[in-house]
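**Q** Below, each chain spelled out in residue letters.
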Amino acid sequence: MSLRAARALTVGYFVLALIFVTWPGLVPFARIRPLVLGLPFSMAWIASWVAGSAVVLYLLDRVEGRHRARPPGRRAEGDPGAGPRGEAGRARLEERD
Amino acid sequence: MERWVVVTVVIAAYLALTLTIGLLAGRRPTHSVAGYVAADRSFGLVVMYFVTGATVFSAFAFLGGPGWAYSRGGAAFYILAYGALGMAPFYWMGPRAAALGRRFGYVTQAQLVVGRFPSRGLSALIAVLSLIAFVPYITLQMRGAGIVIEAVTDGNVPLWLGALISYGIVIVYVLAAGAMAVGWTNVFQGVLMVVIAWSLGLYLPYRLYGGVDEMFERIADARPDLLTPPGLTAAGEPWSWGAYSTFVLVSVVGLMMWPHLFMKAFTARDDDTMRRTVILFPTFQLFLIPVFLIGFAGVLFPGRPPSADFILPFMILETDLPAIIVGLFCAGALSATMSTGDALLHASASVFVEDGVTKFVEMDDRAQRLLMRVIVLLTGAVAYYFALDPGSSLVLLLASAYGIVSQLAPPVVAAMYWKRATTSGVVAGLVWGSGTAMFFYFNPELRPLDMHEGILGLLVHVPVLVLTSLLTQPQDEDHLGGFFS
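Respectively, the protein sequence lines represent chains V and X. Going by the working numbering, the residue at position 69 of the first sequence is 69; the numbering climbs one at a time, nothing skipped. Going by the working numbering, the residue at position 469 of the second sequence is 1469; the numbering climbs one at a time, nothing skipped.
Hint data in this document are derived by calculation from the structure and do not stem from the laboratory. Possibly wrong hints are sitting among the right ones.
[As the list claims (entries may be wrong)] Here chain V is said to cover these stretches of chain X; the calculated rule only asks that three of the stretch's residues, wherever they fall, bring their Cβ under 8 Å from a Cβ of chain V: (1) 1149-1162; (2) 1227-1241; (3) 1244-1252; (4) 1380-1386; (5) 1401-1408.
Positions of the beta carbon are idealized from the N, C-alpha and C atoms, including for glycine.
Can you make the complete structure from the sequences, with help from the hints?
**A** The following block contains the structure:
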């Protein structure tokens, strides 16, 4: 997956998460039953958005990691693309933002 | 032996251990401002994970969380909703801030903003706003520590003494070792918080109701109003969606802007460490689930604590747990308050000196570190004074703190991501945003849709920042080069 797509999907996930844990997205899910793992449905619903964010960030990191060109012996500087460009083909300039 | 004596011994052992860890950590950093404020930028993943978790979740989460679940039901879910959302942008912002920190030697958030928007007034304004937000927060932590100790020792160790001893210890290790001590004690405290919350949160529903399912089935029959967001207000009336949603939103924005949290970006060893901390943070955050379970376990329990915030110690004491477990629980709660309190004390001193004083008075490294230690003591004393005043409505003050802290977001984001932003724009936005937030804080009946004053502040802040910036001279390319290269 390209870096840009991964970032867009991640941002998309968090925008959805915000909508679904507040008004108006939470309204249809603000209910008690069915209990999920013993918890009221709304609580489990919010908790799964939280747990999901760990998964989404992990997947994003795998993509970012692959794109973070890093020649041996140097640590990456702040933002991707700003650092020195090893494996030249990988670090495409348009991915800086 | 009486129960409170055993409990006191366990607490004393916990405090002694914390102090030892804090002082041992203090032998490592260099004697410099970067060493005191940013731990020489040396923290690895395990340390960062627990530092972040233990710092974010304070007495408010550990005592207030069960209190909210107990008295306000689903309203408490907002505390669960915001954490991961607030932390996620740090995946990108953290490494970026850290890179600027390394390049220009920044150790505080205001230095980053003022580095981009040179203005001593702006620096002082951020320092003042941070301190206004910090003091009630520290006070709340101290009071939390005092409440817990007083409750579990059956009043034999009164609030004033419990708060004094626990925070005396915090101050000693913060004075001795700064960020390094805060980091290593937080690892210990973070582990304790997570273990105790999960074990107690699962144990109580089983002990009292035969299981989590059974507990919620019974609450659903007796008090269904408690089990869905937006839950209830403190007075027991239905809470509004407007308030619930904007509480989530302001906490999302505020969370990453708390100076004591943002500064952690400057303490990480490298960017991968920081990114992984962000990825793992939601796993720490889920400890709020058992924390809420503790509060819900109290709903159908016969007997009432003196106030909702006491529900946790109340449940522990009423269920005849062995004294040693009560002591351990207490250590967990103290961990929650102390691990946030130490970071706050440390950050308030760092911010006051780095952003308030040194912008106006020439000081060498040594004098700065000395002054920071004096400020740690002074802030501690002021917060302690307020902590003993039962009349101060601190929870409300803390809610207002988020309103103020969220106003730091536009300047920080503009500094790192928007080239066209100007100093005048940032100052104007900050003044108007904070002014609006304060206005609605003092006039709650005027808030549209019951929205949080911090969000109303941002609704004014952002347009003012953007428009003023566009109407003023852009910053020159040479200056921007350092930030956007």
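**Q** Can you confirm whether chain V covers the region 1380-1386 of chain X, using C-beta to C-beta distances below 8 Å and requiring at least three such residues?
**A** Contact hint for the region 1380-1386 of chain X vs chain V: violated, 0 residues under 8 Å.
**Q** For the region 1244-1252 of chain X, do at least 3 residues have a Cβ located nearer than 8 Å to some Cβ of chain V?
**A** Answer holds; 5 residues pass the 8 Å Cβ test.
**Q** Check, residue by residue, whether the region 1149-1162 of chain X contains three or more positions whose beta-carbon lies closer than 8 Å to a beta-carbon of chain V, and give the verdict.
**A** violated (count 0)
**Q** Under a C-beta cut-off of less than 8 Å, do 3 or more residues of the region 1227-1241 of chain X approach chain V closely enough to confirm the stated coverage?
**A** The restraint on the region 1227-1241 of chain X holds, since 5 of its residues have a Cβ under 8 Å from chain V and three suffice.
**Q** Under a C-beta cut-off of less than 8 Å, do 3 or more residues of the region 1401-1408 of chain X approach chain V closely enough to confirm the stated coverage?
**A** violated (count 0)
Checked against the numbered hints above, the structure violates hints 1, 4 and 5; every other hint is satisfied.
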